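The lines below spell out each chain.
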Amino acid sequence: MGKVKDSKLTILTLAPPVQTRREFLKSSAVGGSALLLSSLFIRKVSAQEASRPRYAMILVDYNKCTGCRTCETVCSAFNNKIKIGEEELPGLGNPYLANIRVQAFNPDVDIPVACLMCRDNPCIEACPVEPDPKTGRKALYRDEKTLTIKNDKNRCIGCQSCADACRAKRVGAIIPNPQTGNPERMCTLCDGDPQCVKYCPYGALSYVVGQIDGRHYGLSPEKIAERLTELWYYYQPAR
Amino acid sequence: MEKLSGYHGVILEIDLASGKIDKKPLSPEDARKFVGGRGLGMKILWDRLKKPGLNPLSPENPLIFMTGPFSGLPVPSASRACVVTKSPHTSPLKSKYKSASTISYANVGGFIGPEIRFAGYDGIIISGKASSPVYLMIDDDRVELREAKKFWGMKTDEFDRKLTEELGDRRFKTCYIGPAGENLVEYAAILHTAARAAGRGGTGCVMGSKNLKAIAIRGTKVPPVADHQRFISLLEEARQGFKGAALTESWRRYGTASSIVTSSDAGTQAVKNYREGTFPEADNIGGIAAEQKIWVRDLACFCCPLACKKSGAVRSGPYTGLVHDGPEYETGTMLGANLLISDLEGLMKAIYDVDDYGLDQISTGNVVGFLMEAYEKGYIDSAFLDGLDLRWGDVPTTIQLIRKIAMRDGVGDLASKGVRKLAEKIGQDSQKFAIEVKGHELAGWNVHVSTGRAVCYATANRGACHLNGSNPRAQNNTAMNDCTGLCMFAQGGFRAGLLRELLSSITGEVWTEEDYEKTGERVYNLEKAINYREGFRREDDRLPDRFFEEPLTVGPKKGAVLNRDEFLKIMDNYYKERSWDIKTSKPGLEKLKSLGLEFVLKEIGS
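Heads up: the sequence lines are chains E and W, in that order.
Just so you know, we're using the working numbering here: the first sequence kicks off at 1 and counts up by one.
Just so you know, we're using the working numbering here: the second sequence kicks off at 1001 and counts up by one.
For reference, chain E alone in the conformation it holds in the complex (with noise of 0.2 Å):
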């Protein structure tokens, strides 16, 4: 499974499919690439969110992921480089230091954990720090470049209020340095190209780059297919 690009988030809010996992297999193998989508996309849209540019993220198939761990090797390695002379190269892909982990549990359920790049961002909405009046981001804020969640070390009282309201409202993504507080393993996506996804060895986990189409939210399905219609076909309806 490979990169969704550019989709439109409209299309992600099909709720997750109820099936077996052979059946899952089945038809995921005849039908390409299915997605598991995590609760989060299924929740109510505001008008002024839908009008919000792009939006990407990392997603699971809890029902591939085999619990190998090479994504957290390769994101460990890719966002904790090493220079050699001149030359800067991916680590040694030390696990600890990886944004995404993943979880064991007994019976065999394995869970890769990683920044779910809430819309709500409930780590930013708890970071005490007053926005910067030039800026308006606090210590904690979403680059809008990279679509991503960053810590302005300079301006982190490390107070970690970040990392527990990951924890308590979300996945506990954010975990503190433990020797400064700071903030550590927000997801970076690794500059457009998130090296787990690109190495997962059984297409668990795909990069999905979106935007909440305000043309068409909230709209009735004839009203849609209607303006897609005049959008693909150039069809003009008889008058």
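Hints listed in this document are in silico derivations from the structure and should not be mistaken for laboratory results.
None of these values were measured; they are calculated from a predicted model.
Below, in silico cross-link-like pairs of lysine-lysine (DSS-like), each with a Cα-Cα straight-line distance of 25 Å or less:
1) W:Lys1576 x W:Lys1602
2) E:Lys198 x W:Lys1243
3) W:Lys1221 x E:Lys81
4) W:Lys1583 x W:Lys1094
5) W:Lys1098 x W:Lys1051
6) W:Lys1583 x W:Lys1593
7) W:Lys1033 x W:Lys1591
8) W:Lys1003 x E:Lys83
9) W:Lys1094 x W:Lys1425
10) W:Lys1094 x W:Lys1051
11) E:Lys153 x E:Lys83
12) E:Lys81 x W:Lys1003
13) W:Lys1162 x W:Lys1149
14) W:Lys1129 x W:Lys1050
15) W:Lys1221 x E:Lys83
Assemble the complex: chain E is given as a structure, and chain W must be docked to it using the hints.
Here is chain W on its own, set in the frame of chain E:
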């Protein structure tokens, strides 16, 4: 101390008697000569044993968990750790030492090997005996012995969950024994993730003898590599090599279970206590049946692209609701075909129980098969079996017997010592169908049709071993592979020379093809020297009479039987090729010297 690339250079040593915890430097010379895993573990065993005849269950017998230079690096399938110790389960035909036994090593995948390295160690040596049950907690530099009385007696599936709960972090990787290890069943295993195991050769028995219930490890480091640039580029090549490869697809879909049917068709399966090589009902327990009825998920060890482990659920019959791995080739053959059990759901229950009690799947299936045959032939009666009516294919009775073995209850006490001891007790001609070499039970690959397999089992240093290799070259290759931390199933996914190049980039030493094979040969000869010193001779490299005297009666290989003269001739050639004495099997002086094993010469009387 010289800094070693590819290694932390630290071995963690724990004396359970005094509670003393030491971080000892790894000898650079040993690391170069014996690499890691099985080889380095064996060198440490040699250093610790000092003299032959040590009782394997005495506190002095070290229990060694070794990693290899690939461990902890994201090399595909480099997930294996090797547990090395002196076997509590093997014995020579004759020896002047009462407690003579072979070396033992058991290989385990999953996440334990890598995690030992993440914690900053190349290996762990455990000696002594704790005064009461403990478990070992390793969190990077922090190492503690913790009280485990409340866990003693707990079966592995429940314990796996309880221990993780107590540790409070899923990043801890754990391995442990079940009741079988606690009760000193000679073929008890060390379990990991409640289904993976360092299964063979009684490592769990030695762990139990030390009152050590578990080891839990968590770490934050990676081992250093010598040539980072080269390593990264070779790693990329290795990863790409597995993508879409036929080997990858086949392992992923069926794992080893694909062989349950193909081996049966080839007449090479252990069926009815090795009486036959073909199981007419193999289809009922094979990979295709399991895929349809049982399996839910494919699971992989650390950074492995093959995912040969299958976990599943029983959905019908009396064991509905049971969740466990399997069947794979060995578990499906030893507890299925070998016992004529073709009820897939019942087989799952047997596999689960053997893991849950912490027994070795292979030896357990072999022991049960032996008793079924002895009972059918009237050598033993129901009273011998504490009233059990132990018939071929009977799942509930098999399950009762498994419990008896693990608890050493009634007949289980004798059965816990394996088929050699059972045959000694039962007598008559039962030793003809006691399927063991050096006291270690054979695995799920039958022998009648294959002299290669015969040599593989007969010469294996840990006692019968199906992974040993059928000629010196193959054996040396396997031994070397077991030193690196790589899984042998994945070897074929690397282009020729790639593993050597990876090893060179990690250690900074040039590894030629010759070095690679010679190192395997060195390890194999060191093992042999330890065995020889204990009293093992050529006559111990034998096979049960069954394979020479009782031709297969069913299947496409009907009539197949080994020819004893031919076998002995091949064995003669084997010793010649090894430069071992044809009569005694003693390793040759010149060979040992050329391998840099001078230190064993005096000890084996050269």
